[in-house]
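Number of protein chains: 2
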Amino acid sequence: MPSRTQDLAAVLEANSAFYTAFSQRDAAAMAKLWASHLPVVCVHPGWPPLLDRADVIQSWQRIFANPDQPDLRQMKERAFLLGDFALVVCLEVLPNATLVATNTFARESGSWRMVHHQSSPLSMESLEEEEPPAELRN
Amino acid sequence: MPSRTQDLAAVLEANSAFYTAFSQRDAAAMAKLWASHLPVVCVHPGWPPLLDRADVIQSWQRIFANPDQPDLRQMKERAFLLGDFALVVCLEVLPNATLVATNTFARESGSWRMVHHQSSPLSMESLEEEEPPAELRN
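In order, the protein sequences belong to chains A and B. For what it's worth, this note's numbering labels the leading residue of the first sequence as 15, then goes sequentially. For what it's worth, this note's numbering labels the leading residue of the second sequence as 15, then goes sequentially.
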C-alpha cells in the first residue's frame, strides 16, 4: 500500500508524463496515460466535451498532427489526493495565452491513469489585475 | 450501501442542486454543497483557480452579488461514477454564450459533495461547425 507521499509523487509524475507526451507530440504515450476501463472525459479549450475514450485519443492525434499547435509548459501544479482519485490543477503557458487545467487521475490496476482533463483560458485581465492565490505562487 | 443507480441519481440531484443554488443566488445553499473536509478546487471562466474552501465560497458570494450576472440553464448533463467519486459534465447555457462545465463530487459523510467545478466557454465555431458527440445529444 503506497503512502500518501508516494501517491502524491506518483500523481505529479503522471501529470508530468502528460505534458511530456504533449510536448513530444507522442500520441502512443498519451493513449497509455488515459484510463482503459474507467470512464474518461476530456474538454479541450473551446471544444465540446469528449466522453468516449476513442474520441479522446483521436483528439490528441489531431492536435499533435497540427503544425500550428504551439508548445506549452506547465507551471504551478498542485495535487490533491482523494483516496483512489487525485486532482491536479496547473497553469499551461503558451506563447500568447495562459490556460488553467484540471487533470484528474484515478488508480486503475495499480497505476494512476487520467480520467479527466479540462483546459481553459485564463483571462488577461485576471493575470494583470489580481495577485494569484497564495497556493499558486511558486 | 446505495446501488449504482441510486448513486447516479444522487449525483445528478447534487448537480441540479448546484444549478438551483446558482439560479436562486443562494450563497448558503451553495456553501452547503461544497465538501467541508476534502480539498476543493474551483475554476470560474477566465479566473485563476481557487484552491481554498473560503475563497471558493466567497467567490460565489461575489458572483451572486453581481447584478449583471446572467441567468443560466444547465443542459445535457452526463454523470460518470467512479466509486466514491463522480464526474458530471454538462453545458451551461447563458443568453450570449454556452459554457462546458465539469462538476466533480465525492462522497463525504454519506453525501455527495462538490470538490471541483470548472466552467469554460464553448467556442461558437464548435457550436456551428461540429455535431455534438452522440453522448451529448438529448
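Please keep in mind that the hints were generated in silico from the structure rather than gathered at the bench. Beta carbons: idealized from backbone N, C-alpha and C, even for Gly. A couple of the hints might just be wrong.
[As the list claims (entries may be wrong)] Simulated DEER-style distance windows between Cβ atoms: (1) N110(B) - L108(A): 20 to 30 Å; (2) P84(B) - S30(A): 14 to 24 Å; (3) A68(A) - S17(B): 40 to 50 Å; (4) T34(A) - R39(B): 35 to 45 Å; (5) H51(B) - A23(A): 30 to 40 Å; (6) A42(A) - P109(B): 26 to 36 Å; (7) P16(A) - S123(B): 23 to 33 Å; (8) S123(B) - M138(A): 33 to 43 Å; (9) P84(B) - S123(A): 27 to 37 Å; (10) P81(A) - I77(B): 14 to 24 Å.
[Said to hold, decoys possible] To spell it out: a stretch of chain B is covered by chain A in this simulated footprint if at least three of its residues, at any positions, have a beta carbon under 8 Å from a beta carbon of chain A; those stretches are: (11) 24–33; (12) 76–84; (13) 108–121.
[Stated by the list, open to error] Partial chain B-side listing against chain A, Cβ under 7 Å, derived: (14) I71; (15) S73; (16) Q132.
The hints, checked one at a time:
In this structure the supplied range 20 to 30 Å holds for N110(B) paired with L108(A), their Cβ-Cβ distance being about 26 Å. For the pair P84(B) and S30(A), the supplied restraint of 14 to 24 Å is violated, since their beta-carbon distance comes to about 39 Å. Taking 40 to 50 Å as the suggested C-beta distance range, the pair A68(A) and S17(B) does not conform, at roughly 29 Å. A beta carbon spacing of about 43 Å between T34(A) and R39(B) agrees with the range 35 to 45 Å that was offered as a hint.
A hinted range of 30 to 40 Å for the beta carbons of H51(B) and A23(A) is inconsistent with their spacing of about 23 Å. With their beta carbons about 43 Å apart, A42(A) and P109(B) fall outside the hinted range of 26 to 36 Å. For P16(A) paired with S123(B), a C-beta distance near 25 Å keeps the hint of 23 to 33 Å intact. At roughly 41 Å, the beta-carbon separation of S123(B) and M138(A) lies within the given 33 to 43 Å, and the hint holds.
Remark: the range hint 27 to 37 Å for P84(B) to S123(A) is contradicted by a beta-carbon distance near 45 Å. At roughly 40 Å, the beta carbons of P81(A) and I77(B) sit outside the given window of 14 to 24 Å. Using a Cβ-Cβ cut-off of 8 Å, 0 residues of the segment 24–33 of chain B lie near chain A, which falls short of the minimum of three, so the contact claim is violated. Coverage of the segment 76–84 of chain B by chain A is violated [criterion: at least 3 residues with CB-CB distance below 8 Å; count 0].
Check on the segment 108–121 of chain B: 4 of its residues sit with their Cβ under 8 Å from a Cβ of chain A, so the three-residue criterion for coverage holds. Proximity of I71(B) to chain A is violated relative to the hint, the smallest CB-CB distance being about 14 Å (cut-off 7 Å). Proximity of S73(B) to chain A is violated relative to the hint, the smallest CB-CB distance being about 11 Å (cut-off 7 Å). Annotation: Q132(B) was flagged as interfacial toward chain A, and the flag holds, the nearest CB pair being 5 Å apart, inside 7 Å.
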